[in-house]
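Here the protein sequences come in this chain order: S and Z. Mapping the first sequence onto numbering that gives the first Met the number 0, position 48 (from 1) lands on 47, and the numbers just tick up by one. Mapping the second sequence onto numbering that gives the first Met the number 0, position 114 (from 1) lands on 113, and the numbers just tick up by one.
Worth flagging that the hints you see were computed from the coordinates, not collected in a lab. Backbone N, C-alpha and C fix where the C-beta goes; we use that ideal spot for every residue, glycine too. Please note: incorrect hints may appear among the correct ones.
Said to hold, decoys possible - On the chain S side, residues computed to face chain Z include the following (Cβ under 8 Å):
no., residue
1, A592
2, D608
3, G644
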Amino acid sequence: MRKGTRLRLVLRDLGSGFAFASMAVSGQLPIWSLVLYGVALVIALAGRRPFANRVKLTALLLLAVALTLGTNVLAGSLNLVVAACAFAGLISAQRLLSTPDAATDGQVHLSGLLMVAGGAALSGELIYGLFLILFGVLASIALALGVVESAVPEGEPVPVRAVMGPLAMGVGFAVVGAVAFFVLFPRLNWNMIGPSASPGLGVATAGFSNTVRLGGAGTIKGNPRIVLRATLTPDPEKEALDAYWVGRTYDVFDGMEWSNARATSDGSEFMTTLRPGQKNLVHQHVELMPAYGARTLVALETPSRLGNAVANTQMGSRRTQIHELGGGEVRFRDSGISYSYEAYSLPPGASGDDVQDLPPEEQDALLSLPEGLDIRVGQTAARVLNGERDPLAAARKLSAWLQREYSYTLELSGDVPDPVADFLFQRKQGHCEHFATALTLMLRTQGMRARLATGFFGGERVTGGYVVRAGDAHAWTHVLVPGRGFITVDATPPAHRASQSPRLLEQLINFYEVVESQWRDVVLDYNFRDQLTVVRSLTRSHEIPKKNEPPSRAPPPRAFGAALLAAAAAYTAWRLLTQFLSRERPLEATRFADAVEAQLASARITRVDGETLEALDARLARERHPLSPALTPVARRYLEARFGGRPLQQGEATRLLTDLRRAVLTESQRVASEGTRPPQARAS
Amino acid sequence: MNQPARALSPVPSPANARSAMERIATQLGRAVQGKSSQLQLVVTSLVAGGHVLLEDVPGVGKTTLAEALAKACGLSFARVQFTADLMPADVLGAQVFHAQTATFQFRPGPLFRQLVLADELNRAPPRTQSALLEAMAQGQVSLDGATHALPAPFTVVATQNPVDFSGTYPLPDSQLDRFMVRMSLGHPTPEVEAGLLVTRDGTPPLDAVETVSGPEELASLRSFAAALRLDASVADYVVRLATATRSHGDLERGASTRAVLALGAAARAHALWDARDFATPGDVRAVLVPCWAHRIMLRSAVQGVSARDEAAHLLEEIARKVPAPR
């Protein structure tokens, strides 16, 4: 195999690998497909093609895989898009291991494109972009090397070194251009890579639906993606906030699902402008990240006011309306990629709502029990409470009992007819929704009003604010205490309330989040408003004018400093640009001479003392070097092209170089057969 | 022996020009043996329209070379031996009183030839030297208000003895600038000298030289050479070389503009040896030392042959440092 071919195939395979990785980072592909592809890639990179002579057999294998995937899709255990992506990856793997010919190369690149498209469907953020670029670069170089290779006659070496330089430069320019494009037009790139605004490392699990359904099969993944960032005033200055961020509440349970008695509230829309100054309230400036994947506003318990809502969309950031739905849920009117808003919350246990404030149907709903609720639920509750009638004390007693007697698991229960009974009396283990549902229902059986609340629990300190992860999604219970309003009681064992993910992974994710957040703040969300803010902060004096003096209109010194810096930067850029534009560009004839000299160098004829090709040719002629007859016409043609005003024709340089290369090869063969050294080229 | 001059085709080609130049050089080689590169340089200078300064000890064939050149090219020839008492009129000619017509008539001096050998030019007083050099520069002689054109192609081959300086008036550098090339023949190799002893049976060496060209052909060669393409990058190379000599620390004075023009012309003529219709940096390099070594002025006090060697060495060094266009 020729040297260039090996390099090209490695580049091709690596490119395909990155295309697959762009899908794999979504974390949605089946594990076995990851393993299969990984093994295939390693074998291919080692230069082995075991499928070379087994086209039909391996096609059958693919068919079997397609059938398996199809069955999974029909059975509902696999998403169609995920299955298609996995299949694309396996097609690519099969092609990687086949005989490398032109058709196979094309198919590998094509499947790479498919995988990249699949990656865009599955995920779409920073890390995806990185893999996309890597795939683009490697595949382009591999393709270009293929073109060069096919142009070189059989049996001759591929000028890899000569090709790679300009190729790498061209690809580098393209990548830089693409990056510049992304940076200069941030909103456009959202359209391209983030239309679904789905998280890059996993599915958004924080989606708020109108119902909460118990049951389902599988395992809840502890997703460490950051969905929310908040700055609190006053700052609690705690490392772990351990607070409840409520999104909405539910009051009606039908045995399987939680919903609301009133589907929607009055549906009023509002665009509130919040002003600072409310005392005793916790102020929050909240940013919802793209990984959040929903439009529901969340705030610390108990929210009292929400407003200043801004949606960051593809077209820029703008104020948006929010409207209230059932269950106290507040949603953004417009959909955006990310949102920011402000909220004021009452300190814990001070909501002041009372039963009488609620509409009658809601009052009833807070006591409603599903039809056919297992009788043992009420009996158990009564046994545990042992006559306790105070709602709060009862709730605490029940939750302590639940935490003691039941264990937490991320395994879902599967679809059972009565999830609550199953949890309480069969499995005796479950996740937060089971605990919260059980507590709520048990309270209701004893005539105490309670409801289910969903949102997040936690808050991890990051640079002056707090972040909440997708895996922090949580459910808990609100118990209505007369005279105090709804009080939060959490039946879930405390150790399992916040997200559960491995430490190392969390740290890696943290790092990624920091990078991505910087990227978002500095590049993507940087808009005219931010520019104006920066300029204002530069030109306006922060000093408070003294009483006796009139305020100074002169800009502060840093404004001049910044102007000076900007001028210096502009001047430097201009200088560099003019230097770059006025640099000497190598003429075609000069490049030709360079190529000739490179060929001569391969025959161990080197220039002495900065000799020109002309002088070198004259010297070889004087020395009667065996290559001189071959070189002279080439050198002559170079001189004509360079100084005689007769440019090289299309393809002429290639032809001349090919002739010269033949002469060089013949000469080296002759020398080898004679076993003598070629006459050493010396300076005269 | 005189043959009619072979005229070149109306549109001379580089190949034709080369064959004509090679014919002349071959004939010169019959008179002066073993000196092909110097002969080539003489022909190059002739085609470039320049004058030649031969610096040599006596007896190495300077006169023979000049005479052979005249004969091979079919040019009228005069040899002027410059001595300390030679007056300008002896060279240029003078107004003489014609008794019968009672008028003054111009009697042309030996300068009115197509090829003039100015032997031991540095022995003549400065007045005479400058009269000759002025004629060389202008191609004409002005005397008593009348201008007399010199026959074309007017070429001077001057010689001077670089070793024996007693009783000489060394040529000022400004005058030296008017010679396109300076060269020395040097002693022939022992083999050639031995061959001379054996083969020369009393016949003068010039007898072997045949006339293979003529003034018309020479004129057409000159105009052809002058019109050769000199790429902007090559011109720039010449100028960069001149600039390098002007700023060189060991040089009192660098190459003049005349030197730049002369180098360009010589390079063009040199290109014809390769049957090219354009000059290359290689042509410039080939004629650089003979063309400039006598024109640049050293800071050191060395004179004569060693000064030329030193200058040649410096020029080689400069040429190595100034990158040729690629």
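Structure-based check of all given hints:
Nearest Cβ of chain Z to the Cβ of S/A592: about 6 Å, under the 8 Å cut. The hint holds. Because the beta carbon of S/D608 sits about 6 Å from the nearest beta carbon in chain Z, less than 8 Å, this interface hint is met. Look at S/G644: its Cβ gets to within about 6 Å of chain Z, closer than 8 Å, so that hint holds up.
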